[in-house]
Each structure stands twice: as structure tokens, then as C-alpha cells.
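Chains A and B supply the protein sequences, listed in that same order. Using my numbering, the letters of the first sequence correspond one by one to residues 1 to 518. Using my numbering, the letters of the second sequence correspond one by one to residues 1 to 406.
These aren't lab readings, by the way, just hints derived from the structure by calculation. Careful: at least some of the hints might be erroneous.
Using C-beta positions, here's what the derived DEER-type ranges look like [unchecked claim]:
1. 18/A x 307/B: 42 to 48 Å
2. 18/A x 51/B: 44 to 50 Å
3. 384/A x 307/B: 36 to 42 Å
4. 2/A x 6/B: 34 to 40 Å
No more than 16 Å apart at the CA atoms, straight line, and that leaves these computed lysine to aspartate or glutamate pairs for EDC-like [to be verified]:
5. 38/B x 168/A
6. 490/A x 42/B
7. 128/B x 394/A
8. 478/A x 169/B
9. 254/A x 169/B
10. 99/A x 57/A
11. 492/A x 42/B
12. 518/A x 42/B
The C-beta atom is built at its ideal place from N, Cα and C for all residues, glycine as well.
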Amino acid sequence: MKLVKNAAGRLVPTEVNGQQQIPFQGINKYKPSGNKAKPPIRSCIDYPKDGNKVVKDLKTALKKAGLKDGMTISTHHHLRNGDAVTNMLFDVVKEMGVKNIHWFPSASFPVHSHLIKYLEDGTIHHIEGSMNGPLGKFTSEGKMKGVGVLRSHGGRYQSIQDGEVHIDIAVIAAPTSDPFGNATGDRGKSACGLIGFALGDSEYANRVIVVTDNLVHFPCVPWQIQGNNVDYVVEVESLGDPTKIVSGTTEVTKSPDRLLIAEYVAQFLDEAGIMKNGFSFQAGAGGTALAFAIFLKERMKKKNVKARFIRGGSTKYLVQMLEDGLTDYILDGQTFDLEGVRSMRENDGHVNTSPFTSYNFHGKGNFASMVDAAILGATEVDINFNANVVTHSDGYLLHGIGGWQNCLYSKCTILAIPSFRDRIPVIVDEVTTLCGPGELIDVIATERGLCINPKRKDLLKAMKNSSIPILDIKDLKKQVDEICGGAPAKPKVNKEKVVAIIKWVDGTVLDSVFQVVK
Amino acid sequence: MRGRNTNSSAGKRGDSVRSDCYFEIELKNSGGVKLEIKSKVESMYGESIKEMILDMSKFFGLKDAIILCEDYGALPFVMAARFELAVKRLFPQTKKEYLLPIIEQNLYSTKKDQLRRSRLYLPGNEPKFFVNAGLHSPDGIILDLEDSVAPTEKDAAQLLVRNALRSVDFYNAERMVRINQLPKGLDDLKYIIPHNVNVILVPKCESAEQIHQLEKEVEKLKKQHKVKNPIYFMPIIESALGVIKSYEIATASKNNCALAIGLEDYTADIGTQRTNEGRESIFARQMLVNAAKAAGIQAIDTVFSDTSDMEGLRQSVLEAKSLGFEGKGCIHPRQIQVVHEAFAPTTEEIEKAKKIVLAFEEAEKKGLGVVSLGSKMIDPPVVKRAQRTINLAMMNNQISRDWRKQ
């Protein structure tokens, strides 16, 4: 495998899984041209006139869709750790004796460790999507046949539009669908809120299969997936475990240190002048982000400030802000708890979005760059403000990128992170894996204080008299090293073997993940 | 050296353990030192962990042993304490101490009249809470060797607290240790006096004699270890007898900086239940305030145990303030800010105090023996209280040091 140094100074392969790759060229330096990819033409005369596309089972649907070796199958992750459909799907693929599938999920969860046996026996060749938990470990140890490809949610949409990934069969788990294939996620016994991450799949795949455990009479209204894009509908007993379909990260942190970080971020937005009438912010799930929303809400109430919109990850805390009149809209990318699901059904101001609207590199603009402040997490940040979200400091892949890279385009990107976790420094000399270039990251908020990117002279000036400690990131790193007992050693990796690549939002290769040597 | 046992263990193990570690040492007759390390931070600190364990083994003279270390991200000061304990459980007679350097940030001392609005209790055997405690800006941090430590882990807490005093940055908070009830608490002193402790909290104090005993032992150790910084005492009154003797206790040593009350034990002692209204302890609290003030030291209130009720805490502090208390115990960092805000003087109090202090200074300048404000005469205790309010407002950043010019 030939490796070259890209514009971020990282070694990346020029070919992955038989496809030529373009090394990262810098932020907004690479601009593809030409036309978007397109799905094959279909004719309505080939589909049932009565609109009933229900077939007996998933196996029948896959057979009709023409499943064969080496195809790309996509799934989505809205069912999270409760997803049974993807596991069921690959059980059938295995049963059919099909090999070398390229699995293209919008994200994976620990529940998908079920698929390790299919990675081992050659049913699945490689994963293009997130490689969470056990799948990350499997990949990091160099056991996957092909090379993993990690993309942001927006990057996934871009890769479909570019034709970089062509989906042969999209399997869409839908909590409610009609026989025509109109589908939604905000109702039904497996309600998960949005299913927007499957939108691109439904529009561009050769064949689209909707799997549901709540088949309703036509029409399913409102629908998020259009039946006109759907080939087959399969009814199953259950899409999965409803108790795990909503995220497990919807509890506000109890950690005093995380609360302090959240409070600093809210104070920062206030003191830096970002929190003003008509402003917008993005905050996801996770204990610190939820606590931040609570602290910010108090400040907004006190100063009588109203946001125009909040980008979510919706949670009950954002829903409360909407219902208390503190924002006009929630522009929702994914739904993290049942209150979010309810609100989506009931509140006109709670709006469905998808990677097409929010994150799309090939869109004529997108929402992410219009957001005044995005509050995100990271596993590591280095002294040049570069950040990592996919591997831990031991080199193992553990998380996906999600919408993280896309959100970096906000007007003020804040990484809210502890300075170290147990004895694992989060502020380091150089990130193990580069996922976000430092030039897009404005503020690091830790329990020890804030580090403001020197290029943001405006923010440095605004925070000059703040009671929050404002630190040079190098000094913070020094503090962390003193506490942890010196700078951490780099993980031992095999530089000859790339196990996965990190794509930037424009489709270029930002970094490589190398095989971890035990 | 060789004790009676050939096996020992120390520390914590299990899936839920964080920032701590577990050691097992098995002495052998030959074979040298064999290490087995299972560490969460192997790839980052594996080498330095190994070096540290070998260095400690050498220091304590372990020549032939099998050492198991299960590490859940313990910081070096924790690892050193756990290893030393495992060794000391094998060789109880050893006097050797594996001491890490004292960090420069902690070489500060405090004053007798230091601001002591909040003091944050940390269980002495739970190191994960230590490192960031100072970031929440309490006036004091208490490393507790008493009630929050299980009887079987007292030896563990002594070493951990000693190492924390040397290695953990307290971010200028007063460095306090609550020792065990005397006479057992006297044994704790050798683990804290040489390591730059600022205040010793003396639980369940019931007589002046106990303070005398403490003072004698502290002086001995200070001399022995050439400790120059002052070390203050904060007796905690937690019984009916203690309340009755509170003035005697308050005046027992020039090193007493405050008297604190502990209401959990006190209410148990008088056979009643603690309530939010606090009617059952009103006598004790007033007695304690009176005794402390008569002795010229601070009166410090008990902890507020419901960590989710911030409004209840605020009311409790306001009530304590109205009784004459100057500080409150905290058991969660989120309580600190609420306590500070509630103890802060109100705008009206500050404005009134400013007028009184200015009138006093004017009277002094003119050589007048009497201070008056408008048609009212101002008594010296009122002036003193006003000066205290101004000081507190300055410490709370409510007014600047040069407020007279503004």
C-alpha cells in the first residue's frame, strides 16, 4: 500500500479497497466537479398497481433485489443499540451464501458485534461507516479483510452523491410504513424519531427495502422516506429492543468536573456575546452537552434572550427550551430520547432535517455553517487544536465521526472535554488520529479553563476580563502531563498496515488508522 | 526483612474502579522480582509504571517476589500509596516511607483568620475525587481520615492522604485533614504534619485536654521535621458534652482558628432527629458561636447533606450566617458556589458598611473619640462588623480594594 503525506502532514494511502483516493488538500481546497451520481431509471409499470410492495420476508426481498457477492448494502443507525434489523439482515445474507459484502452503515453500535463472525468468515469484506466498540477493536487489530472507511454523516451523503459509494441495496428499518413504502420513524412501537440518515440511501440505491414492525394502511402520513423510492416492503415481528433504541446518553452528568465544563461553556457564550436574540447553537447528547443546555437556558431566561433555532440531537432539554419559548425551532438531525420523539410529532417548530439539509458538502450551502456555536466532544485534542474523535489514545477505534466534522464549520466551534480521563491525557502533543483540523476549532473548554485558538483574536479580546481561567493550550498540556506523570507514550502501531481511513467532509483522505500492535 | 505473612494486597479492584489500582505481593525465596501488570493505560504509561514498581521494590528491599498490579488509571501518587501499603501490610514494623517530591504549587501557608466560608470534604481513601477538587474553588479541602474511611482501610487512607498532600495541587485552597477521634487521631499526625498541612480538624472534641494532647504531638513532629509553617486546629463539636465545654475547647490553644459543629453526631447524642429547621440544635449552635467569638476565632457550621437541594442549602447558609457562623461544610463541589454567594454580604450591607467605615476613618482623622453617622452614634463593635463586611466584600470581588476612590 502506497502512503503519501497529505496537506495535514498525515500519511495516507492513495488506494483503498481497490479505489483511488485523493489525499486531503486543506480546508475547502478540494472542489469536485462534474455531475452527481444517479440511480438507475425505474418504471412504475414494473411495480404493483395496487401499491402493495410487501414481500414474504427479507430473504425474498434480497433475492428479488438481486443480491450477489461483492455488493454494497447500506443500513442506518436510528435504532441505535436496539437494532435487530442489521443483524437479521446479515444472518440472511450468510444463509444465502453470499460473500464479500461491503457494509455501509450510517453508524454501528455494540449490538452489531454479532457481525464479527461474518467479518471473520468472509460474508462481510469491510465496513464503510463507524466502527464502534467491539467492531473497532476487531478492525484495529487488523482482522478485517478490507480497509475500514470512516466518514461524517455529511461525508456519507457526499460519498453517495459523488458516486464514490454506490449502494446496491439499501435496507431501511422503519418504525412505521405503509405497503407502498412511505415510511417514518416518529411513531410505532419502535419509534426512534427521525430516519433522515437513510434518506440518501433511499434516493440513490439500486434497490431499496423497507423493513417495518408497524405496517399501516396507505398512506403513512407524514412520511420521511418516500414510497416512490422503495422497491420492497418486509413486515417483521420486531425491529429490535425499544428500550435501547433511544440513546443511553440522555442523562445529565453528575460529575462535578463535567458540570463545571458545561457551566464554563454557557458562561463563555454569554460573555463572548454569542448568546443574543436570534442566535443559534448546536449541542448533542452526552452528559456534558445536556448540562450545558440547562445552564444556558438559565442564562437565556435571565437576560430574556431567545434563540432563532437550535440544531439537535433533540433531547428533553431542547424540547423544554422550545416549549418554554426560548427558541423558535429545533432543526433536528436525530432524536435521542422519547421526549424528542413526542415533540417531533406534536410541535410544529420541531423540524425534521437530514444530512442533505444540514451537512451536505455538495449542497448549495448547508445549515452547519450558519450555526453560531457548536458544542462538541473529542477523545483527544493537540496543542495545535487538532482533534480526534474516533480512536482512543491507545490507538483503538472506538467511535464514529457522526456529524462532528460537519459541525466544525459553525461560527464558533467549542470542544467541551475533560483535560484528562483517569490517567489518560486528553490534551496531547499530537492527536493519535486526525479527524478535525485545528483551524476549524475555536475553543477548548475543560475543567481547568478555556483555551482559545490564537487565530480568534476577537474571542480572546471578549474574554479578557472573564472569571473563567483562559489558558494557553501548551500550558494546559503541561499541567495535564504533570498530573498524569509525564507525556504519554504513543501507541504501538504497525505503520505498514492501514486498517481504516478517515475521510474529510469533501471525500479526501484526512488520516489513516494503523493496526495496533499488542 | 521479613514479616510473618508472605502475601499481602492493597487497593481496589473491579470493573467499576476508576483512577485507582490494586496490588498483590507474594514473597518468594528466590527468582527475583516478577511483575504482572494489567493496566488501562498500558500503551501510554506501561513503561513508567513498570519502572516505578521496580524502583519501589528496590527501595523497600523486595528481592524475591511476585507482584501483581491491576491498574485502572491510577495516578502515580495513588500507585505509590497502594504499593507502599501492600509492603507495610507485609512488614508492619518498617519505618521506611516512599515519598514523592512535594510539588511547588503547594508550598503555601495560611493565616489564622483566613476566609473559611466553604470546606469540601473528600473521603480519604477515594483518590479519584482529589485531583480536581481545588478547581471548584473551595476555601478549604478536607482530606478525611475519619468517618468516610472504613475501619479496615484507615492505613490505606493515611498513606494516600500523605501522598496527596505532597503531590496534588490544591489550587490555593486551605489544605485540611480531618484526623480520627483522639487518641487514635494522634497516630494520623505523622502522616500529615511533615507534608505541609494547614489545618487539622479534630472530630468529636470534648475537652481542652484533647487539644493540649494534639498540640504537644504536633509541636513534637514540627520540630522533628523542621516544619516552619503554622498549623491551625479546628475542633469539631459533636456532642452535648462538647457543646457545654466549647469555650474551654476554643481557648485551649493559640493555634485554634475555628470551632465547627457537627450536627449528625450531636443530634444522635441528644437523642433527637436532625431537621431542616434546626430547632433541635439551636442551643448548641448558639453556644458554639458564642464560645468561638468569645475566644476570638471563627464559628463554622455543619454540612448540608442533601446535595440536590440547592435552595435548601442557600436557606441553611443564610440562617447560619444570621446566627453568626462564617463557614459551612460541603460534601459536593456544586455546593461551594451557593455557600459563597449566601455568605457574601448583600448590597445593602456593603453600602451601610462603607458609610460606617468612612465615618470612622473621618472621626479618627479628626481625633474624635466618637463616631457618628448623621444623627446616630456608632458603637465600636458596629464599626468592627462593618470593617469585616468590607473585607468580605473585597474577598468576594464585590467591591475593589480601592473602593474609597470610587
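Going down the list of hints, with the structure as the test:
no.	hint	result
1	18/A x 307/B: 42 to 48 Å	violated (58 Å)
2	18/A x 51/B: 44 to 50 Å	holds (46 Å)
3	384/A x 307/B: 36 to 42 Å	holds (39 Å)
4	2/A x 6/B: 34 to 40 Å	violated (58 Å)
5	38/B x 168/A	violated (45 Å)
6	490/A x 42/B	holds (11 Å)
7	128/B x 394/A	violated (21 Å)
8	478/A x 169/B	holds (13 Å)
9	254/A x 169/B	violated (23 Å)
10	99/A x 57/A	violated (20 Å)
11	492/A x 42/B	holds (11 Å)
12	518/A x 42/B	holds (10 Å)
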